[in-house]
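Asks: Each chain, letter by letter, is given below.
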Amino acid sequence: MSISLNKAESNSFNRRLFLKFSAMAGALLINRGNKPGKTRAGITGIIGTGEEKIIRTGCPAHNCGGRCLLKVHVRDGIITRIETDDRPGDEVSDPQLRACIRGRSYRSRQYHPDRLKYPLKRTGKRGEGKFERITWDEALDIMHGEISRVIREYGNSALFIPYGTGSYTNLNGRWPAVRLLNLLGGCLGYYNSYSWACTNIATPYVYGTLNTGNQRQDWLNSRYIIMWGWNPAEMIDGTNSAYFIKKAREKGARTVCIDPRMSMSAVALADEWIPIRPGTDAAMMSAMAWVIITEKLTDDDFISRCCSGFDSTQMPEGCEKEESYKDYILGTRDGIPKTPEWAEKITSVPASTVARIAREYATLRPAVLYQGYGMQRRAYGEQVVRAGAALSAITGNIGIPGGWASGLASQAGSEPFWTVFPVGKNPVKTSIPVFLWTEAILRGKEMGPADGVRGAPKPDNNIKLIWCIASNILVNQHSNINRTIKILGDEKLVEFIAVQDNFLTPSAKYADLVLPACTQFETWGVEDGWKYGEEVFLTPKIADPPYETKSDYRICADLSKKFGVWDEFTSGGKDERAWAEWIIDNYYRKTRFPEMPLFKNMEESNAGVYVKPVIEPVVALAGFRKDPGRYPLKTPTGKIELFSKPLFDMNLPEEIPAVPKYITEWESPFGREAEKYPLQAIGHHYMSRVHSTHDNNKMTMNAFPQHVFMNDNDAAERKIRNGDLVRVWNDRGALVARCRVTSKIMPGVIDIPQGAWYNPGEDGTDFGGNINVLTTERWTALAKGNPQHTIMVQVEKYRKG
Amino acid sequence: MEKDYFSLVLFTVLSQTAAGGLILREILLHSDLDYQISKEFRVLSLFITGIIIALALGAAFMHLGKQVNAVHSLRNLRSSWLSREILFIIIFSATVLLYWLNEKFWNIQVLNSILSFTGLLAGAGLLTSMSAIYMLPAVPSWNSMITPISFLITSAAGAVSLLVLLNAFCGCVTAKTLLAILAFAVILSLITSGFMFSYIKESGLLVFFIIRILMGLITLILIFLNYLNTFPNKMTALSVLFTTVLLTEMAGRVIFFLNYHKSGL
Amino acid sequence: MPQYAFYIDTSACSGCKACQAACHDKNNTRSEIKWRRVYEIEGGGWEQQNGAFISVPFSYFISMSCNNCGSPVCVKACPTTAMHIDKNGITVVDPQLCIGCRYCEWACPYNAPQYDSIIKTMTKCDLCEDYLLAGKKPACADACPMRALDFGTFEELSRKYGEEKRLLPLPEPGLFDPGFIIKPHRDAGRATNEKVKVAAKKEI
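Protein chains in written order, with this note's numbering: chain B, 1 to 801; chain D, 1001 to 1265; chain U, 2001 to 2204.
Just chain B, same shape as in the assembly:
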């Protein structure tokens, strides 16, 4: 199939596709009744008599954390059924990569009637969602014109491609655009992510690396596993992570879930569920340390050999008299011993439970303390990351099979690559923390190191042009929507916004130009692990892009022509398939996966995935533990830093202490704000969506509709019954959604799953149930990250008018 069609071809092609499209959409509506033995492929006749092919491919990569295998049935270019991995064996070393409800319900997204079809140009005001159809030529001319103009008038650092993870197949998403802009002088860079800003910055202060995770099969060597704010069964933190925990339990491991909600993981994987007040995890961790230290359950050998800053005998040079970790825990300096009783008042966890968990973790070795990312996506997320790492350290659960060093825990030994598409070097050296892009719009030129600017003293410009690809960050996923839409609505601030996506998302509504991208089934891609994993998927093109949609790569390639850099951009005319071949043959095979089949063999064999079985799981920091002198960590002392001199030198002890501390959040049940807003709100990663992807998927949303989850006592107090519409508000905004009254969340806390599409009413109240009308744009002290779970709100039954 040639890449570009002439107009006549494309019209008749589109007509055929339109029929197939609506046929499939119709087929999803009609149930043909119960006829065993008959294949239900929808409305027969229109689909055609072509034979059915089965293609094994990766699930369209989003940012769920899963990398699963799909068996896609295709007839006449239409996907008729989706099955999952059925390779025989299903051993722990190489288990089946089974898809979740999202992968299995993908047809409802693939054939959604709302899919963008044509390039659109804004006609109304930004945010109104009024557009007119234009041709690709016109659209690319506009892109070319605006990018050139902004470079000329302001400079390359006024260009910004925001964070977005809607498309993770390496060849798609923002990466081709980054490559293109890098050929044109570059664009403003960023660091961190919305997932793990705090742990990304905090973990290296302790370990000097992010690769603190063992290969997951190692969990089967553990005797005790604490799943702290971790919900792998729902968000899919790596395909099969939940399954590995199940296997560990079968071998005798005891598991404990510590979470304000009785999550799906708490139900399926935990021997015990301990509800904890959101934002107070560092307090419980400190109290656990108190028990472990005072009851002499510490691994003294490991501490003395491998740690620094534990007590006054091992403080770093220049800080000998400062408060050590032990000083903080025992309260020798601040006069507050971090006892379980102290923690009980803060966390709502009974003191006896805190003490018992501490003893279990310290004595049932080797033990895992797995930290989920929800608890670091908070005001003082950096502290809880270090506090957890400190617990692993003082119990010596690091560098041994069955242990776990905590922290960000990207897989050690063989770090997965999330992007292998070569983007080249960015001539613009400046980068900002990813969460501060609105600051860079308002006052980029005035930002500096205090705002976390790296690479240069300050950006040369404010952000003037945004090219948002496979991302709903602009409006939906960034904090404080009411603030962001005012900023984006002002055309004098950001002068041009282009959004490239499959649907007209809330972010796309604020675009000046909307570019229709095709889905990942409709182009080539390569997927590898997300944070762990020994797999590489080849995702071939299964269906043709409908209407005038194009792949992200293709859009950039066509745009590169306008800029006269087509040859460099396409590296001599490579199309998507050629890039997939290059990545496998010249990158993976030459680095992590030398035994991987060649691209053409993978394509022919229709295996879909190449897996390196894990026989002996790699253990992070094992070499360091054995010989810390020979394999020092990349920290100033070469050891695990429980006291960090670099942090001490920042001289901001209230918010960035040198040892991990529990700090009361700036918006908490303990502050004055609690009088007006007595409930804590959190927004977990929902089973029906991957962030904001699939919010319009009928199948997944029918199974898990958007709700405000509320404890039955809190609901009864407010005369709210299950199914009532409720209004949730604070000073930053308000939303209305249906309430699910449940006992599975602790009193005082509500949960509004994140990712629902913003849908404002006339007065700005959001009727989509998007938690970001309530979140704050204030950033965390150390990582300059997003504290999106630190929210206080009030709830009432919703009355119209």
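Honestly, the hints are just simulated from the structure, not real lab data.
Here the structure is a predicted model, which means the values were calculated and not measured.
All C-beta atoms, glycine included, are put in the ideal place defined by N, C-alpha and C.
There may be inaccurate statements among the hints.
[What the hints assert, rightly or not] Have a look at the derived ranges for each label pair, beta carbon to beta carbon:
hint	chain 1	residue 1	chain 2	residue 2	range
1	U	Glu2203	B	Lys425	48 to 56 angstroms
2	D	Ala1132	B	Phe767	46 to 54 angstroms
3	U	Trp2046	B	Glu796	15 to 23 angstroms
4	B	Lys425	U	Lys2202	51 to 59 angstroms
5	U	Glu2172	D	Ala1094	39 to 47 angstroms
6	B	Glu132	U	Arg2186	40 to 48 angstroms
7	D	Thr1243	B	Leu725	54 to 62 angstroms
8	D	Asp1004	B	Arg738	20 to 28 angstroms
9	U	Trp2046	D	Asp1004	37 to 45 angstroms
10	D	Gly1194	B	Arg738	51 to 59 angstroms
11	U	Glu2203	B	Tyr191	35 to 43 angstroms
[Said to hold, decoys possible] Listed next, the stretches of chain U that the computed footprint assigns to chain D, with coverage defined by at least 3 CB atoms under 8 angstroms from CB atoms of chain D:
hint	segment
12	2054-2060
13	2161-2171
Starting from the known structure of chain B, arrange chains D and U on it as the hints suggest.
Replies: For chains D and U alone, kept in the frame of chain B given last:
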């Protein structure tokens, strides 16, 4: 409960009234009650019973998803109470039709006796099957003796108020005994609702309960006044009485259907 | 005729509904028609002492489609014999006979028969009979990411997993002889002493 349960409310109340009507008619005809039964009454009672059972059948038919397949519904007499109910209702309807034709035109005495017999059997069979249908182990809220008792009460109350009305239409004097029986039935009916009061309150069905009690009280007042011969125009009074009885029973039947709870799931 | 049955490991079920999604996709059923349903069971409550929580609720999930009962009440109840046991021992609905009276829906304690308001007849899980004839397991059993579902003849399954069929709030299995074997959740014992309910019935 499915959204269109109301057609079943109509079906059960009307068919129970009709079945009770025919049974009561036969009892009155063959009893030693000092009761005036005219030829007009003999014909009219069958005619009206026929209309009511036809309306009931219409309501039931409306409830079906695929009406064209209704011809198959006698295929499982072996084990399905629903199949049996349909058989009984067919026999009942045919009986009423033939009975009416015979009483109005043919006047064959033997046929009267035969049809009286089949009518009683079909009526009893209809009431039995209907009770058995709802006494499903999977629906514990229906699976108790309250179900057949309330069906019988509906039957009795509907039948008595109907025949009393038709009797007045034919210019005869109403036996006070019948009014007393009616009052008794209505009181029993309201008591059965009382058993379910706590559930009714929990499930937001209070409005139907209130309608039921209201209608029931009006019924009792009307009965009392009729008993005292207060009304000059008996026809109107008894028509209203028949209506309030039906409404009382329908409100109760709505509560019954909305009280559909599976055992466990 | 061997009784086909499901093994339901409620101790490992996370309620993720991948089984439900696999069923929808394979059978092209609309989201309202759920041949497989995942029930969320909640019980117990919260108890506080000095502000700390000393007692917490419990919960588990039960994923259920049709249990291919040995004494199917739906077959007994159906007036037209549309609901019948076919030649492979699987209870199925014949849409040519069904009148859409929904009596089987009332009779089934597990909510297996599902009414389709567009074709106006009943539909239900057929245990992926076409897959069985091809030697495969039903779509749901192979879908579960937690490997909490298995399928086979009751005999095969009972040899692997035992014969437990009791788990509140499921009804007493004796009357129906359902084809399933349950592994009870760790908190199933609490269900006998504390009230349990199905959460969010309207969402199922």
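Asks: It remains to establish, for every hint, whether it holds in the given structure.
Replies: Comparing the hints with the structure gives:
1. Range check, Glu2203 (chain U) to Lys425 (chain B): Cβ separation about 51 angstroms, and the 48 to 56 angstroms hint holds.
2. For Ala1132 (chain D) paired with Phe767 (chain B), a C-beta distance near 49 angstroms keeps the hint of 46 to 54 angstroms intact.
3. The hinted range of 15 to 23 angstroms is satisfied by Trp2046 (chain U) and Glu796 (chain B), whose Cβ atoms lie roughly 22 angstroms apart.
4. Checked against the hint of 51 to 59 angstroms, the pair Lys425 (chain B) and Lys2202 (chain U) passes, with Cβ atoms roughly 56 angstroms apart.
5. Roughly 41 angstroms separates the CB atoms of Glu2172 (chain U) and Ala1094 (chain D), a value that falls within the hinted 39 to 47 angstroms.
6. The hinted range of 40 to 48 angstroms is not satisfied by Glu132 (chain B) and Arg2186 (chain U), whose Cβ atoms lie roughly 59 angstroms apart.
7. Checked against the given bound of 54 to 62 angstroms, the beta carbons of Thr1243 (chain D) and Leu725 (chain B), roughly 39 angstroms apart, lie outside it.
8. Evaluation of the 20 to 28 angstroms hint for Asp1004 (chain D) and Arg738 (chain B) yields a pass: the beta carbon distance comes to about 25 angstroms.
9. At about 40 angstroms, the CB distance of Trp2046 (chain U) to Asp1004 (chain D) agrees with the hint of 37 to 45 angstroms.
10. Hint check: Gly1194 (chain D) to Arg738 (chain B), Cβ distance near 35 angstroms, so the stated range 51 to 59 angstroms is violated.
11. Restraint check, Glu2203 (chain U) to Tyr191 (chain B): a C-beta distance of roughly 41 angstroms satisfies the suggested window 35 to 43 angstroms.
12. Beta-carbon proximity to chain D at under 8 angstroms applies to 0 residues in the segment 2054-2060 of chain U; the threshold of 3 is not reached and the given coverage is violated.
13. Proximity of the segment 2161-2171 of chain U to chain D, defined as three or more residues with a beta carbon under 8 angstroms from a beta carbon of that chain, is established by the 4 residues found.
Going down the numbered hints, you'll see the structure goes against 6, 7, 10, 12, while the others check out.
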